[in-house]
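Q: Sequence:
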Amino acid sequence: MADDASAGSLDLEPKVLSAMGDQVLRRIVGLQERLPDRPARPAVAQVGNLRDRWEVPAEEPGVLEELLDTLDQAARGAWAFDSPRAMAFVPSGGLPVSALGEWYARSANAYGGVAYTSIEFATIEEGVLGWIARDVCGLPEGSGGILTTGGSLANFSAVVAAREASLGPDIGRGTLYLTEYAHRSITKAARLAGISPEHIRVVPSTGLLTMDLAAAEAMIIEDQRQGLQPFLIVGTAGTTDTGAVDPLPSLAALARRRGLWFHVDAAYGGFFRLTERGRQLLSGMEDADSVTLDPHKSLFLPFGTGALVVRDPATLRAAFSDKGHYQQDYVDTDALPDYSALGPELSREVRGVRVWLPLRLHGVAAFRAALDEKMDLAAAAHRALSAAPELELPTDVGLSTLTFRVRPSSSSRTAADQADLATRRLLDHIAAEGRYMLSSTTVNGQFLGRICILAHRTHAEHVEGLVSAITTAAKTISGMPSPVR
1 MADDASAGSL
11 DLEPKVLSAM
21 GDQVLRRIVG
31 LQERLPDRPA
41 RPAVAQVGNL
51 RDRWEVPAEE
61 PGVLEELLDT
71 LDQAARGAWA
81 FDSPRAMAFV
91 PSGGLPVSAL
101 GEWYARSANA
111 YGGVAYTSIE
121 FATIEEGVLG
131 WIARDVCGLP
141 EGSGGILTTG
151 GSLANFSAVV
161 AAREASLGPD
171 IGRGTLYLTE
181 YAHRSITKAA
191 RLAGISPEHI
201 RVVPSTGLLT
211 MDLAAAEAMI
221 IEDQRQGLQP
231 FLIVGTAGTT
241 DTGAVDPLPS
251 LAALARRRGL
261 WFHVDAAYGG
271 FFRLTERGRQ
281 LLSGMEDADS
291 VTLDPHKSLF
301 LPFGTGALVV
311 RDPATLRAAF
321 SDKGHYQQDY
331 VDTDALPDYS
341 ALGPELSREV
351 RGVRVWLPLR
361 LHGVAAFRAA
371 LDEKMDLAAA
381 AHRALSAAPE
391 LELPTDVGLS
401 TLTFRVRPSS
411 SSRTAADQAD
421 LATRRLLDHI
431 AAEGRYMLSS
441 TTVNGQFLGR
451 ICILAHRTHA
461 EHVEGLVSAI
471 TTAAKTISGM
481 PSPVR
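1 is the number of the first residue of the sequence shown in my numbering; add one for each residue after it.
No wet-lab data here; the hints were simulated from the structure. Treat the hints with care, as some may be off.
Quick list of simulated restraints, FRET-style, between CB atoms [unchecked claim]:
hint	residue 1	residue 2	range
1	Leu213	Ala366	34 to 42 Å
2	Gly479	Pro140	55 to 63 Å
3	Thr472	Val44	23 to 31 Å
Fair warning: this is a prediction, and the values are worked out from it, not measured in the lab. No residue lacks a Cβ here, since even glycine has one placed at the ideal position from N, Cα and C.
Generate the whole structure from the sequences, applying the supplied hints.
A: Written out as structure tokens, the structure is:
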């Protein structure tokens, strides 16, 4: 055990630091050991009680073991997005080896904004981004990008790059195009980039919940006729709602035809291109000007790692490069990019290690097999739930996502409303048990339960257990009287 008396000094002796590291690592291993059995969605504690528990920093040194006990309590109370039974939203797998890589990189404390200050780490990050851009997305030689904190920052950076490349300083007439199922980070990014909310065009969707190409082109033509300047069209490679994939090849052709920047938000679906099925489903990504991907989704890494890759990195440099007088001592290197010049952040940690270490240690084949398994599990869940007479599945499987609802008793509006309420009750029942974590969405006015199978720990037995829990709850709820309204 660490000598906690030494904790009063900020400069710990190596043997003390080593002992503390052992203590922390034992706790981390304990978290992993308990994960299969702990509730995926524990009950949420009252905030007032939590504030009583978490004291402000004290003047005197604490005891590490006691502080780790407190952190364990926090972990037990958090939703376990890395649980094999977490199938809500888009799960983050929390791959432990990535966390170890991050621990190492943070301990090295290298600056990740200027390549000259950490050449080896910059080379690692460049290699990771080159693999994502060319091997995963199919972009040409010379493509590159930047690792971000997630898809939101990646999408924001893409919108700014498109704005600068297409509009320059005259942004007032700029219009962009997306569907109602595009991620909300796109509309947020557009507003932050100075695009008027009135110029964010929501293109109608087809019956497959993908962008209607004819409608998109008609809207672009009309905006051009009105003197506006369409500059960006966004396709989604795996919507959060249903996993649907927009017609990327046709969107790329439309963008070229009308002179727009083509951005693909593949935060959820992008790494499925490692599989043969995914490469076919996500065909057209290679024609994009920019692509957002989230390694903390379909590469199973812990929260906090996104990526933006672009056909021409000079577009990022044009949007974000700037230098103050105080930076004159930095040496530019033509061989490696300065990531502070490719995105909005100046102070940034090195981010390549958290992606590089698991890819090198486990090998890409392991990730490919896991993604194939998730697609198979989603298809199996869809088949099993389709066989339940109490349920209907309004959408097809999208990558590893499916939706369901309690079947309405008739085609009437009243029956549809009752089905929505029954579906809510079903999800509330699953949530109250805490064993499985699910989420919901609304599609075409229908309230739907939603399953996204993406945690690397999720296997057939977990999906079979979820199917059993849903069908059992559906039988019970279908036999209950509808609440009086």
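Q: Look at each hint and say if it fits the structure.
A: Status of the hints after comparison with the structure:
1. Leu213 - Ala366: 34 to 42 Å: With Cβ atoms ~37 Å apart, the hint holds.
2. Gly479 - Pro140: 55 to 63 Å: Since Gly479 and Pro140 have Cβ atoms about 59 Å apart, the given range 55 to 63 Å holds.
3. Thr472 - Val44: 23 to 31 Å: This hint holds: roughly 25 Å between Cβ atoms.
The structure meets every hint from the earlier list without exception.
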